[in-house]
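Participant: Sequence:
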Amino acid sequence: MKKILALAAGALMSLNATAGYVQYELSGLPNPYFLSNASTVVIRDEDKSVAYFAIATDRDYIIPMDRGDGYHNNWLLETTTSFTGLGPTNMYMRDVMQEEYTKQVWLLFSKGSAAGTYNFTMRILTKPGPQAPYPELSLHADVTYSGTAKEVPVFEWMAEADARGDFEIARDIPYYDPTQVPEPGSLALLAIGALGAAGAARRRKAETPK
Numbered sequence: 001m002k003k004i005l006a007l008a009a010g011a012l013m014s015l016n017a018t019a020g021y022v023q024y025e026l027s028g029l030p031n032p033y034f035l036s037n038a039s040t041v042v043i044r045d046e047d048k049s050v051a052y053f054a055i056a057t058d059r060d061y062i063i064p065m066d067r068g069d070g071y072h073n074n075w076l077l078e079t080t081t082s083f084t085g086l087g088p089t090n091m092y093m094r095d096v097m098q099e100e101y102t103k104q105v106w107l108l109f110s111k112g113s114a115a116g117t118y119n120f121t122m123r124i125l126t127k128p129g130p131q132a133p134y135p136e137l138s139l140h141a142d143v144t145y146s147g148t149a150k151e152v153p154v155f156e157w158m159a160e161a162d163a164r165g166d167f168e169i170a171r172d173i174p175y176y177d178p179t180q181v182p183e184p185g186s187l188a189l190l191a192i193g194a195l196g197a198a199g200a201a202r203r204r205k206a207e208t209p210k
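According to my numbering, the sequence shown holds residues 1 to 210 in order.
Wrong hints could be hidden among the right ones.
Simulated restraints, written as ranges between beta carbons of each label pair [to be verified]: (1) W157 to Y61: 18 to 28 Å; (2) P133 to E46: 41 to 51 Å; (3) Q98 to A161: 25 to 35 Å; (4) L137 to G112: 40 to 50 Å.
If you're looking for bench data, these hints aren't it; they were derived computationally from the structure. Heads up, the beta-carbon is just placed ideally off N, CA and C, and yes, glycines get one too.
Take the sequences, apply the hints, and build the full model.
Facilitator: Below, the structure written as structure tokens:
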């Protein structure tokens, strides 16, 4: 009987990691402004790299985007993990609309109270875009959200879309950093920003041809 239960549990886990992916649904974000209110992050099970993300709040909608015209771009700049095994991947992103805004986004995870659940903290720092005609009138904001994330069944179309390269996300294998987990207080927010900026600089340096 124990063997049968173990096999059944294994089959269930395989279903949730359809085609080598694990999906996490984020809850606790305020009143998304579009119809589907589920914010989600999907990672590849083999190396914990990010395959897809869509995160919505009452003021932001963050998805992979690169129009190629230089006007609106969204880059996933840095990824880390605080987990030695299965668990969500921390993300540092930048979303730029040249004449409107520049957003920096830090999304960090920690273990939840139950198996398959996690806590998250997300900070969004908004400043005028590099070509904003009236930067003094543009939005300035520094908002931090917190909530929970849980494993959910993976989108059925995920494997095919990822294989086609529809999401325009460069494969970035996260490095292990046990210190990069959510902590309360303004000092922690400053530390998060510094870690993200340092990581992005290190990555740019590594990619520079010698």
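Participant: Any hints from earlier that this structure breaks? Give me their numbers in increasing order, please.
Facilitator: none
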